[in-house]
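Following the hints, put chain B in place on chain A, whose structure we already have.
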Amino acid sequence: MFSRDTWREIFITLRKNKLRTFLSGFTVALGILIFITLFGMGNGLVNTFNDFFGDDATNVIYIFPGRTSIPYKGYKSNRNIEFENSDLTDIEETFPMFVEHISPRIFRTVTTTYKEESNDYTTIGVDWGQQFAEKTIIMQGRYINQRDVEGRTRNAVIGRLVEVDLFNGRNAIGKYIDIGGSVFKVVGVFQDDGGDNEERQIYIPYTTRQLIEKNTDEIGQIVVQFKPELGYTGAMAFEKNLRIFLKDKKFISPEDQNGFFIRNVADNLKQNQDFAGVLQMIVSIVAFGTIIAGIIGISNIMVYVVKERTKEIGIRKAIGATPKRVIGSILLESVFITTVSGFIGMLIGIGVLKWIGDRLKEDYFITSPYISTGVAIFATVILIFFGALAGYIPARRAARIKPIVALRNE
Amino acid sequence: MIEIKDLHKSYQMGSNSLHVLKGIDFKVEAGELVAIMGSSGSGKSTLLNILGMLDVADSGEYVLDGLPIKNLNETKAANYRNKFLGFIFQSFNLINYKTALENVALPLYYQGVNRKQREEKSLEYLEQVGLKEWSHHLPSELSGGQKQRVAVARAMVAEPKVLLADELTGALDSKTSYEVMDLIQKINDQGNTILVVTHEDDIAHMCKRIVHLKDGVIVEDKKIEQVRASQYVQ
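Protein sequences appear in the order of chains A and B.
Residue 102 in the working numbering sits at position 97 of the first sequence, and the numbers go up by one each step.
Residue 474 in the working numbering sits at position 221 of the second sequence, and the numbers go up by one each step.
By construction, these hints were calculated from the structure, which means they are not laboratory data.
Even glycine gets a Cβ: it sits at the ideal position worked out from N, Cα and C.
Treat the hints with caution; some may be incorrect.
[Claimed, not checked] Cβ pair distances, simulated, as ranges:
no.: 1; chain 1: A; residue 1: F390; chain 2: B; residue 2: D468; range: 49 to 57 angstroms
no.: 2; chain 1: B; residue 1: S293; chain 2: A; residue 2: K23; range: 46 to 54 angstroms
no.: 3; chain 1: A; residue 1: R9; chain 2: B; residue 2: E327; range: 40 to 48 angstroms
no.: 4; chain 1: A; residue 1: W12; chain 2: B; residue 2: E412; range: 22 to 30 angstroms
[Claimed, not checked] If you want the ones that stay clear, here's a sample from chain B, every Cβ over 10 angstroms from chain A, calculated:
no.: 5; residue: N269
no.: 6; residue: L307
no.: 7; residue: L320
no.: 8; residue: N335
no.: 9; residue: Y350
no.: 10; residue: S388
no.: 11; residue: H390
Bound conformation, chain B alone:
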């Protein structure tokens, strides 16, 4: 599903150049649930941003589901993001003046889906994350866990090839974190490919594979026995 080869990225900090990714080789098969771990500054978020086409690598190859991702202009990148990728952020990034339903429907709006279908489909996904009855509430009326579940529904609604989550439990307490991870596991069970960036061990162990990043290189890449989050959720 995802294939990257010898990926390099550096940032210009004034006169210094900060080499963040120093040659990453990495493959993800369809249906995997991968945790990318590392201390802050290890380059894990940069890697995720490049995978998410929010940022561009300096050199290296990136192939998404057989499609080489390179020389993207803004419009093309936006269309690819819309079709192929779903994002979940640490700070939820919901639009605060739109209801849960409108937030979830936004990717479909940019796909040009008509309003009726948008609402039907969004409601379907809100139901999947257990928030159907909250569909007409504003983000400010929702708890952190609920907001993140709305974000998950929004990431899912366009049926992307890959779901990218950046510290999705970073702003949540552990109980809520497990609830959200339970949801992520269930989505993965349906065959969706998911990449999770985290620095929390317990969250990482709820995935199926852990990739350790240190100083811009992969130091460890292992399959693990998945811990099911459902056992922590009553």
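Bound-form chain A, shown alone:
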């Protein structure tokens, strides 16, 4: 069946029937090409998704103050909860096993001026650990450090776009700006993957912010970085214990959900990953739909090819071709075309994904699309297999037709 003569016969048949060969090859190649491109772009979408939520560190728990909704231990409901400096040290001392770093965040929107330029920006009172939680990238100068916090210095780190707005792109390092009536020295400029909003922020030491506001103890939010080795389960357990501890300390009823709020990035991340997984599944279903469409396409062509060749099959049978040889040659032809064009389609598809790279990142949220070689080859083999099956069924029927019937077919 696989002698050189058989192959030669097949090559001659393929070469002499170029349109037919091209059409069936094209269908298969296109099917695989679309499958790989679609599947790869799906992966690219998931990549973007992960990048998007990967902007902040994932081992972070944010605690926001709220307002109680249940009276408890003599306190009335609707009481404002505030965090203060002692909360930071208490948490750190209670959970030494979990906490890596803890820092406050005090948000204030303040008018900021440099010479004639003036604008409203969000200033955030932070300590030095905040840089890692937000994955802030320093472009020039430095971040708020421990000395700034302890010495309550008037140093500020401004976002890239603040520098653009106020300094017209000139270097801001060492210049003095007016933040809400107090003069600060710019010690650093940062950028952030989180977007324009985050690059229009100004970081100052939280102790300085407290000093300006009549030396209060109040802090806005608490940002707890836990040890990354805790993992998802550890993070969830930590969150639970933290909740109990804070409710106890602030005299909030265990049933009260509104005293304060906790955003656990690890939990969010897991939800996001689950969502990305669903996204990928949908894309996969669509892509496999394409493969099925390709299989139907090649089946149609094979049915047509066999019908078109009915007379030729009759002639061959009349001069001595056995049914086995008739089926064999048609099958080998279809497998050969699907294999060659399938792999061509696969290579082109992979090439297209390589070429796309990050070109669609800005407008279509597709980052470095890719397909694993295993999936690509699996899809190609599936298509080849069904192409062969699609060829076999009509070929078997054609081989059963009596030669006189086939010859009568004009």
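Okay, now just chain B, sitting in the frame of chain A:
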């Protein structure tokens, strides 16, 4: 060479059954050139198809060169056709994307003959039908007479016991018909057994024996004085 006894064949046409062959008894010796004649519907093509193992009789015996032909499966029939029989059709039935040489070589391909021998032998037979220099042309580049001569060469190449021709001149003008018949006569002169189905009197008279079929039975079977086709060919 060919021996058939009480051959019956009917076709199912919807609810009606069409009895085409109603008991044919018939013998052909080696080296004969027999014309089977009859109007359309007389069963002559059906008879030829059964002789050619392209169709199966309902009842009756068929012995080809001492070999009883019955209960053939498709594979066996294909092998017998390949070894024992050569076909020539009215519509030539050449494969249109293959050259004359490749068409002639096809029966040998199915016999498993190697390529070199196939080409040598096919070229030899193409030379015999006078088309050696046309061996690399496609059927579409040949005239009707040339196509039929290629078909004759293809039928001959496997050196079959019997050559079966179904209206082989039906698609040709009379001059070309005589040329092809001249070729058939020459092949017969070499001792080959040939059966020709035709409804043309002049073609039938170029054979050595005429069998008349009417309504599925043989009404006449006579030896005749052969008219040589060569006298009409310059």
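Against the structure, the hints:
no. : hint                                : in the structure
1   : F390/A x D468/B: 49 to 57 angstroms : holds, 54 angstroms
2   : S293/B x K23/A: 46 to 54 angstroms  : violated, 40 angstroms
3   : R9/A x E327/B: 40 to 48 angstroms   : violated, 26 angstroms
4   : W12/A x E412/B: 22 to 30 angstroms  : holds, 27 angstroms
5   : N269                                : holds, 19 angstroms
6   : L307                                : violated, 5 angstroms
7   : L320                                : holds, 16 angstroms
8   : N335                                : violated, 2 angstroms
9   : Y350                                : violated, 4 angstroms
10  : S388                                : holds, 15 angstroms
11  : H390                                : holds, 14 angstroms
Checked against the numbered hints given earlier, the structure breaks hints 2, 3, 6, 8 and 9 and satisfies all the rest.
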